[in-house]
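Novice: With the hints as extra help, turn the sequences into a complete structure.
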Amino acid sequence: MSGKTITRADLCEAVYQKVGLSRTESAALVELVLGEIKNCLERGETVKLSSFGSFVVRKKGQRIGRNPKTGKEVPISPRRVMVFKPSAILKQCINGAEVADEAED
Amino acid sequence: MIKSELVQHISMSNPHLYQRDVENIVNAILNEIVAAMSRGDRVELRGFGAFSVKNWPARTGRNPRTGAHVSVAQKSVPFFKTGKEMRERLNKSIPPA
Numbered sequence: 001m002s003g004k005t006i007t008r009a010d011l012c013e014a015v016y017q018k019v020g021l022s023r024t025e026s027a028a029l030v031e032l033v034l035g036e037i038k039n040c041l042e043r044g045e046t047v048k049l050s051s052f053g054s055f056v057v058r059k060k061g062q063r064i065g066r067n068p069k070t071g072k073e074v075p076i077s078p079r080r081v082m083v084f085k086p087s088a089i090l091k092q093c094i095n096g097a098e099v100a101d102e103a104e105d
Numbered sequence: 001m002i003k004s005e006l007v008q009h010i011s012m013s014n015p016h017l018y019q020r021d022v023e024n025i026v027n028a029i030l031n032e033i034v035a036a037m038s039r040g041d042r043v044e045l046r047g048f049g050a051f052s053v054k055n056w057p058a059r060t061g062r063n064p065r066t067g068a069h070v071s072v073a074q075k076s077v078p079f080f081k082t083g084k085e086m087r088e089r090l091n092k093s094i095p096p097a
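Read top to bottom, the protein sequences are chains A and B.
First residue of the first sequence? That's 1 in this note's numbering, and the numbers climb one at a time after it.
First residue of the second sequence? That's 1 in this note's numbering, and the numbers climb one at a time after it.
Since the hints were derived computationally from the structure, they do not count as laboratory data.
Computed list of lysine-lysine pairs in PhoX-like fashion (alpha-carbon distance at most 25 Å, straight line):
#  : chain 1 : residue 1 : chain 2 : residue 2
1  : B       : K81       : A       : K60
2  : B       : K81       : A       : K4
3  : B       : K84       : A       : K59
4  : B       : K92       : A       : K59
5  : B       : K84       : A       : K69
6  : A       : K60       : B       : K92
7  : B       : K81       : A       : K48
8  : A       : K59       : B       : K81
9  : A       : K85       : B       : K84
10 : A       : K91       : B       : K54
11 : B       : K81       : A       : K69
12 : B       : K75       : A       : K4
13 : B       : K3        : A       : K85
14 : A       : K18       : B       : K3
15 : B       : K54       : A       : K85
16 : B       : K75       : A       : K91
17 : A       : K85       : A       : K60
18 : A       : K48       : B       : K92
19 : B       : K75       : A       : K85
Specialist: Structure, rendered in structure tokens:
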């Protein structure tokens, strides 16, 4: 809860350290990767990233919701939402289990 | 789309990049997110969403079939919240049937 927040800048720095490209290029590439994932999801496609997790787009039908303040019933329009399903490996990492580093580089 | 397809896609539309490099970049990004979450940090990517870690305390659960008490150890789970821009993008194109 008290941890710090990692942003794009930190990801760019990590890419810059790992790959022999300039900072500007690294930043552009982080953007490119995220952009590609976003485009894919926008098309409604599932994005599976092994040992990380998958992003799935779900369709929700119309339903009746309630304004919690006034108690009034309001229709909630049909929509698409995106969910992230973490992989078992990611869950283990977060619980502090030592997982064999399978990223070969 | 899976990771290898993502890598392929990006290197195809950017012929000046080696596929190996793109692969390393994608892995570097993902590893950095995993490392941050393992430390308990949050990862916020504007326009996409935010990854955070939720800590659940230990509790006594029930086996739904037998009704027996089972102790569930404390655990942390990864959590993702879709960003505002992404949420809007999902719904602007084709409204679901």
